[in-house]
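Colleague: Listed here are the chains, written in short residue letters.
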Amino acid sequence: MSAPLLQLDIQAKQFARRLVLDRVSLSLAAGEVVSLVGPSGCGKSTLLRIIAGLDRDYQGQAQILGEPIRLHSRHVGVVFQEPRLLPWLSVADNVGFELGRRGGRHPRVAELLADVGLADWGHAYPKQLSGGMAQRVAIARGLFTRPALLLLDEPFSAVDAFTRMRLQDVLLAAASHSQASVLLVTHDVNEAAYLSDRVLVLGRNPGRIRGEVRVDWPHPRQRGDARLARAEAEILALLDDREDAPQPPPQAAPWPASLARLRLAV
Amino acid sequence: MADIDQHAARPLTAAWAKRAQGWLLPLAVLLIWETVVAQQWVSAHLLPPPSELAHTLLELTRSGALLAHIGVSVARVLAGFAIGAALAVALGAAVGLSPRVEALIDPSFQALRAIPSLAWVPLLLLWLGIDEAPKLTLIAIGAFFPVYLNLVAGIHNVDRKWVEVGRVHGLRTGALIGRVFLPAALPHVLTGLRGGLSLAWMFLVAAELMAATRGLGYLLTDGRETGRADLVLVAIGVLAVLGALSDSLLRLLETRWLAWRDVALTQEAQP
Numbered sequence: 001m002s003a004p005l006l007q008l009d010i011q012a013k014q015f016a017r018r019l020v021l022d023r024v025s026l027s028l029a030a031g032e033v034v035s036l037v038g039p040s041g042c043g044k045s046t047l048l049r050i051i052a053g054l055d056r057d058y059q060g061q062a063q064i065l066g067e068p069i070r071l072h073s074r075h076v077g078v079v080f081q082e083p084r085l086l087p088w089l090s091v092a093d094n095v096g097f098e099l100g101r102r103g104g105r106h107p108r109v110a111e112l113l114a115d116v117g118l119a120d121w122g123h124a125y126p127k128q129l130s131g132g133m134a135q136r137v138a139i140a141r142g143l144f145t146r147p148a149l150l151l152l153d154e155p156f157s158a159v160d161a162f163t164r165m166r167l168q169d170v171l172l173a174a175a176s177h178s179q180a181s182v183l184l185v186t187h188d189v190n191e192a193a194y195l196s197d198r199v200l201v202l203g204r205n206p207g208r209i210r211g212e213v214r215v216d217w218p219h220p221r222q223r224g225d226a227r228l229a230r231a232e233a234e235i236l237a238l239l240d241d242r243e244d245a246p247q248p249p250p251q252a253a254p255w256p257a258s259l260a261r262l263r264l265a266v
Numbered sequence: 001m002a003d004i005d006q007h008a009a010r011p012l013t014a015a016w017a018k019r020a021q022g023w024l025l026p027l028a029v030l031l032i033w034e035t036v037v038a039q040q041w042v043s044a045h046l047l048p049p050p051s052e053l054a055h056t057l058l059e060l061t062r063s064g065a066l067l068a069h070i071g072v073s074v075a076r077v078l079a080g081f082a083i084g085a086a087l088a089v090a091l092g093a094a095v096g097l098s099p100r101v102e103a104l105i106d107p108s109f110q111a112l113r114a115i116p117s118l119a120w121v122p123l124l125l126l127w128l129g130i131d132e133a134p135k136l137t138l139i140a141i142g143a144f145f146p147v148y149l150n151l152v153a154g155i156h157n158v159d160r161k162w163v164e165v166g167r168v169h170g171l172r173t174g175a176l177i178g179r180v181f182l183p184a185a186l187p188h189v190l191t192g193l194r195g196g197l198s199l200a201w202m203f204l205v206a207a208e209l210m211a212a213t214r215g216l217g218y219l220l221t222d223g224r225e226t227g228r229a230d231l232v233l234v235a236i237g238v239l240a241v242l243g244a245l246s247d248s249l250l251r252l253l254e255t256r257w258l259a260w261r262d263v264a265l266t267q268e269a270q271p
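Residue numbers (full-length UniProt numbering), protein chains in the order written: chain A, 1 to 266; chain B, 1 to 271.
None of these hints come from the bench; they were simulated from the model. All residues carry an ideal CB built from backbone N, CA and C; glycine is no exception. Hints are not guaranteed to be accurate.
Here are the in silico distance ranges between beta carbons for each label pair [said to hold, decoys possible]:
{"id": "1", "chain 1": "B", "residue 1": "118", "chain 2": "A", "residue 2": "56", "range": "40 to 46 Å"}
{"id": "2", "chain 1": "B", "residue 1": "159", "chain 2": "A", "residue 2": "60", "range": "29 to 35 Å"}
{"id": "3", "chain 1": "A", "residue 1": "100", "chain 2": "B", "residue 2": "86", "range": "48 to 54 Å"}
Stretch by stretch, here's where chain A covers chain B in the computed footprint (C-beta under 8 Å, at least three residues) [unchecked claim]:
{"id": "4", "region": "51-62"}
{"id": "5", "region": "157-166"}
{"id": "6", "region": "201-211"}
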């Protein structure tokens, strides 16, 4: 077996003087779908930001396909919690944003829009889309560069339950069609079990990996499957953190304050 | 059939009725105005009746004098506005994008903004004489601040989340400005341009009132000096029409360029 797709060994990650991540190690093999589950404030979004290269202020090592992580790695695609489509660009130009102006004309854009079920929407503006449709476009944008790894940060937390189920299937289909592995942050235990090959459970204060639940039978899966329910129960047992002391309130924004007002130094 | 036609016709007639209502007041005012002067309750010398204004307008148009004045004034507004807006876009972008430039420049501009712009007039006359230069400078000063302030505010309000999207896609400073900051600030820029243009017209009048031999502001002065209120009123009317026209041109650009905006009212209510 060659080098893992993602190899992460974080010794420590701090905001101000608060330890957010403490000795977190994880690796991902090509083709895997892995979820990070944990209570808010456990540092799961921070972990994702580190892998995306948006946060470099940590102690430890992180490699993708044997290369150290950097911002805008061609191996990584990112889907944020909100769709974050640029409202002044058409849907197609948003998907092809990587290529610059007129990126929407690339044939890959049409292919991806078909993958996420929005083949006819290339010319629309984001304001014409529903929340679920916008998130489909965001998934297509994340997959545009054919990344080896697609990162998603609670991507379906803002949509209703039915839309969420449809989006989960769209994600699996589109990612496997693009041959991308998936690392997904969620706090929906059901979503984690349904989508993933492995579920990593994080505890908080500081964030540590508490355990791993394997969900090892292939897709497509039945949502009512009893094995899924058992996996969920396992995850919930790992999540149960009654022994923890009362926590200080989590930060208002899950993103670090250093980026809160990003301006350019010209 | 008749029923359907009626339904289709109703909104249209309603719209016309509403539009007609808007004309009621001005028409009534014109009528009263004409009567009041005809009855000699007010001196026709001070308040020429609408019929005389129409006559003056026709005369001025026929002689070509009005068109010449309009041409001169429009050219001044366009030149002054272009200079002021271009400087404002350049400086506003630098101040908005760079905290260092902002710390260096912005306090001074905030201080300069506190000066009522007409206070510059004597100084400009002293420095630049009574040619075109002081007029264009004054108009440019008027157009500068709305554009500058709106652009800086627009850039400061750009959502950090969009900036992150740009960075995740590998945009460096230059590309980030061109592909995220400026498009995101465009609505503010257009608001600023409209404000700047209306101030440019205001300052045109100020500039032409002080020393000019041509232009609509000169027509105002000329009317006052020769005791012809009709000239003054015609000039005021023409200025109003030109101001409204140039603003609706910018508004047209706004609806063109900002079609992507998700706003509740896509069309402004017609006055």
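Colleague: Next, verify each hint and record whether it holds.
Modeller: Checked hints:
no.	hint	verdict
1	118(B) to 56(A): 40 to 46 Å	violated, 53 Å
2	159(B) to 60(A): 29 to 35 Å	holds, 30 Å
3	100(A) to 86(B): 48 to 54 Å	violated, 26 Å
4	51-62	violated (count 0)
5	157-166	holds (count 6)
6	201-211	violated (count 0)
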